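Novice: Listed below, chain by chain, are the residues.
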Amino acid sequence: MSGLEIKHLSMRFDLPNGSWVQALHDVSLSIAEGEIISVLGPSGCGKTTLLNIVAGFLAPTSGSVEINGHTVRGPAAERGMVFQKGALFEWMNVRENVDFGPRMKGMPRAERDRISDHLLEIVGLRDFKDKAVYELSGGMQQRVALARCLANDPDVILMDEPLGALDALTREKMQGLVLKLWKETGKTVILITHSVEEALLLGERLIVMAPRPGRIHEIYNLPFADAGVGADLREVKKDPAFGEKREEILGMIWEMEEEIMGRAEAAE
Amino acid sequence: MTLLLFYAALFALSFAVVYAARRLATQRQDFTSLKTVTFGDESAVRPDRAASIISVIAIFLIWGAFTGSRLVPVHVPGPFQGLTEFTYTAENEAGEQDTAIVRVLVHEVGRDPDPPEIEPGDGFARNDTAVVGMWRSELIRAQANDGGEDEEVRIVAVAGQPIEPDRTVEVPNGTVTMSGRGSLNFAPATGMQMEPIWLPAPETVVARFFEIASNGYQNFTLWQHLGWSLLRVVVGFLLGAAVGIPLGYAMGLSGWFRGWFDPIVEFMRPVPPLALIPLVIIWFGIWETGKIVLLFLAALWIMIISARAGVSGVNITKIHAAYSLGASKWQIMRHVIVPNSLPEIFTGARVAMGVCWGTVVAAELVAAQKGAGMMIIAASKFQLTDIVILGIVLIGIIGYSIDILMRRAEAWLVPWKGRA
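Residue numbers (my numbering), protein chains in the order written: chain A, 514 to 781; chain B, 27 to 446.
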C-alpha cells in the first residue's frame with residue numbers, strides 16, 4: 514500500500530542527570546496518500562520529535578514508521594523535508610539549490626533544468642534563479658526550500674514550522690502557496706505548526722498533541738484545506754465554523770499550558 | 027615624551043582640519059552618515075581614509091625630520107657642525123692664572139679633516155685646536171702645551187665657570203667635562219636628530235633599496251632573499267594545510283579521531299613555533315628541511331583547528347536537508363560540509379600565513395644563507411641600519427600584501443561568508 518503508517522511510536526531518552534524524558538508515548542496514526550495533516554500542540558508535546566522520527570533522523574525506542582510498505586530506518590529521498598530556516602545552501606544559487614536532489618541522483622542537465630524552471634515558475638521565482646540565496650527575503654527563501662523539496666519528487670513532504678519565521682502577511686500568502694502545491698502535486702504532507710489558524714487552514718486532519726508524555730490528544734477532520742485551495746484564505750477564516758473550531762482548540766491548548774504551569778509549580 | 031605629545035597634537039590637529047574641511051564641502055548622504063547614534067554603533071565606525079593617509083605621511087615626516095632628510099622641509103635641531111670655540115682658565119705652579127682658547131672643528135663622521143689653525147696667543151696658557159666627529163666626543167689635553175718645561179699647569183675654569191674633575195660645563199655648541207686626570211672632554215651638541223647608525227634618513231633607505239635590488243646583498247639578489255622567504259612560507263603553509271585540513275575534517279566527523287588528536291592539537295597549539303626552533307634544528311638541521319618543517323608545524327595546528335571548526339559549524343538542518351534530498355555521505359561531504367567550512371578555513375589560512383611569515387623571518391634570523399630575516403641579521407652585524415630598516419619595511423609590505431591577497435581570494439571564493 515501507499516501512504517504512511519505510524520505504529521505505536523514511543524520515544525524515551527535518558528538525560529545526563531540520570532532522569533529521563535518520555536518524549537512520545539504510544540503514538541499511532543495512519544495517513545492516506547495525498548492527505549495533508551497538520552500537527553499542533555504546546556511546546557514540549559513531542560511534535561518535532563515525531564516529525565524527526567518520520568524523517569528518519571531519530572530512531573524510536575519502540576514502534577515503527579512504515580511508508581509504502583517498508584519500515585523507515587533513516588532519511589531518504591522519498592520523505593522530503595522543509596525546515597523553518599537555515600536549510601538552504603548559501604554556496605549555491607537559487608537554481609542549484611532547487612535541483613540539488615535531482616543532481617545528486619545524477620539526472621541529466623536538461624531534465625533538471627526543466628524541473629527547476631517549472632517549479633520556480635510555480636513558486637514565482639522565475640526571475641531569481643541565478644540569484645544567491647542570501648540575497649532573497651525570508652519568504653522567497655522558503656519558496657526556494659519548497660521548490661527544492663518538490664524537485665526531488667518525494668512521496669511525503671514533512672514541514673517543520675516552515676512558515677514560522679515569516680512575517681504575518683508573507684505567511685498568509687505562503688499558506689495559500691502550500692495549499693496550491695499540495696493540491697497540484699497530490700503529495701502527502703505533514704505540517705507542524707504553532708499557529709492554530711495555520712493548523713486549521715492547512716490540515717485535512719488536525720492532530721492536537723498533549724505533552725508529558727507526548728501523545729495524540731484529539732484528531733479533527735476539517736473541510737477548510739479543501740475549501741482553501743485557490744480561494745481567498747481570509748474568506749475561509751470568516752466562516753463561523755472556522756471561528757468555532759479555533760476557539761475550541763485555543764481553549765484546549767490553553768488548558769494544557771495551564772496544566773503544565775500548575776505541574777511545574779507543584780513540583781517546586 | 028615631547029615627541030609623544032607632538033604626535034598626539036598632530037593627531038588632533040589633522041582631525042580638526044579635515045573635519046572643518048569636510049563641513050565646508052558638500053556632504054554625501056548615505057545611510058550611515060544619517061545615523062545620529064554613532065558612539066557605540068560599531069557598524070557606523072568606518073576607517074577614515076583621510077586619517078590613514080595623513081597617518082602614513084606623518085610617519086614619514088617625523089622620520090625625515092628626525093634624521094635630517096633632504097626630502098622633508100622641516101627638521102628638528104640637528105647636531106652641531108663646523109667651528110666652535112671655548113675658553114679655559116689655567117693656573118700654574120706660581121698661582122698665576124691665564125686664559126686661552128680651544129678651537130674645535132666638528133665634522134661628519136667618516137671624514138678626516140685637518141685641524142683648524144690658531145695663533146698660540148700670549149700668556150703661559152696657549153690656545154689649542156681639536157677635531158671631533160658629530161655625535162662623538164674628544165679628549166682635549168688643553169693644558170699639555172701650557173707653561174714652561176716640566177711645569178705643572180692645571181685648568182680651573184672653562185668658559186668662565188669653575189671646573190673640577192667629573193664636573194660638566196656648558197659651552198657654546200657643546201659641553202665640556204673634566205676627566206679624572208684634569209683633561210677636558212668636549213662633546214659637541216647633538217641636537218634632537220638621530221645618528222644615521224640609529225636611524226638612517228628615508229632617502230638613504232630608498233637608495234639602499236635600489237642598490238641592493240640591482241647589486242644584491244650577501245651573494246644573493248634582493249629578490250632571491252625575499253623569494254626564498256616567500257617560497258619557504260608557501261611550501262610550509264601548503265604542507266600544513268594539506269595535512270591539517272583532512273585531519274581537521276576527520277576530527278570534525280569522527281569521535282575517535284577527535285578524541286585521539288584533541289590532546290595533541292590542544293597541547294601543541296599554544297606552543298609558539300619559535301620555541302620549536304632548537305629542536306627542529308637538532309632534528310632536521312639548519313637548512314631548508316628544518317625551516318620547512320618549522321613552518322609546516324606553525325601552519326598545521328591552525329589549519330586543523332579551523333577545518334575542525336568549519337565542520338562543527340555546519341548547521342545540522344543543512345545536513346538533514348541534504349539527507350532528505352537523497353544525498354549520500356560522500357555527496358554531503360563534497361557539496362555541504364566542504365563548502366560550509368570554507369569560510370572558517372580561509373580565516374584559518376589567513377592567520378596561518380601571517381604566523382608562517384613571522385616565523386620564517388625569525389627562523390632566518392637564527393640560521394640561513396638567504397632570506398629576508400638573514401638579510402636583517404647580517405646587516406645588523408655590520409651596523410648597516412639602513413638595510414635593517416629596509417628589511418623590516420619589505421617584510422611588513424609583503425606580510426600586508428599576503429593578507430590583502432588572502433582577503434581578496436576569500437571575497438571571491440566564499441562570497442556567502444557571514445551572510446548565512
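No lab work stands behind these hints, which were simulated from the structure alone.
Values in this document were obtained by computation on a predicted structure and should not be read as measured data.
There could be a bad hint or two in this list.
To be verified - Computed list of chain A residues with no C-beta within reach of chain B, every gap over 10 angstroms:
| hint | residue |
| --- | --- |
| 1 | Met594 |
| 2 | Gly614 |
| 3 | Arg639 |
| 4 | Tyr647 |
| 5 | Glu757 |
What the hints assert, rightly or not - When the alpha-carbon atoms are kept at most 20 angstroms apart in a straight line, the in silico EDC-like pairs for lysine to aspartate or glutamate are as follows:
| hint | chain 1 | residue 1 | chain 2 | residue 2 |
| --- | --- | --- | --- | --- |
| 6 | A | Lys700 | A | Glu579 |
| 7 | A | Lys598 | A | Glu609 |
| 8 | A | Lys686 | A | Glu760 |
| 9 | B | Lys396 | B | Glu237 |
| 10 | B | Lys355 | A | Glu609 |
| 11 | B | Lys355 | A | Glu634 |
| 12 | B | Lys443 | A | Glu609 |
| 13 | B | Lys443 | A | Glu591 |
| 14 | B | Lys443 | A | Glu648 |
Each residue gets a CB set at the ideal place from its N, CA and C atoms; glycine is no exception.
Novice: Evaluate the condition: distance from the CB of Met594(A) to the nearest CB of chain B exceeds 10 angstroms.
Specialist: violated (4 angstroms)
Novice: Check whether the Cα positions of Lys443(B) and Glu609(A) lie no farther apart than 20 angstroms.
Specialist: holds (18 angstroms)
Novice: When you check the alpha-carbon spacing of Lys700(A) and Glu579(A), does it fall within 20 angstroms?
Specialist: holds (16 angstroms)
Novice: Looking at Tyr647(A) again, its CB stays over 10 angstroms from all of chain B?
Specialist: violated (4 angstroms)
Novice: Test the statement that Gly614(A) is away from the interface with chain B: the closest C-beta pair must be farther apart than 10 angstroms.
Specialist: violated (4 angstroms)
Novice: Would the hint linking Lys396(B) and Glu237(B) be met if the CA-CA limit is 20 angstroms?
Specialist: holds (17 angstroms)
Novice: Non-interface claim for Arg639(A): all C-beta distances to chain B beyond 10 angstroms?
Specialist: holds (22 angstroms)
Novice: Straight-line Cα separation of Lys443(B) and Glu591(A) no greater than 20 angstroms?
Specialist: Roughly 32 angstroms between the alpha carbons, so the hint for Lys443(B) and Glu591(A) is violated.
Novice: Sort out whether Glu634(A) lies within 20 angstroms of Lys355(B), counting only the CA atoms.
Specialist: violated (31 angstroms)
Novice: Hint check: Lys686(A) vs Glu760(A), CA-CA at most 20 angstroms. Holds or violated?
Specialist: violated (23 angstroms)
Novice: Is the straight-line distance between the alpha-carbon of Lys598(A) and that of Glu609(A) 20 angstroms or less?
Specialist: holds (18 angstroms)
Novice: With the threshold set at 20 angstroms, check whether the alpha-carbon distance from Lys355(B) to Glu609(A) stays at or below it.
Specialist: holds (19 angstroms)
Comparing the model with each earlier hint shows violations of hints 1, 2, 4, 8, 11 and 13; every other hint is respected.
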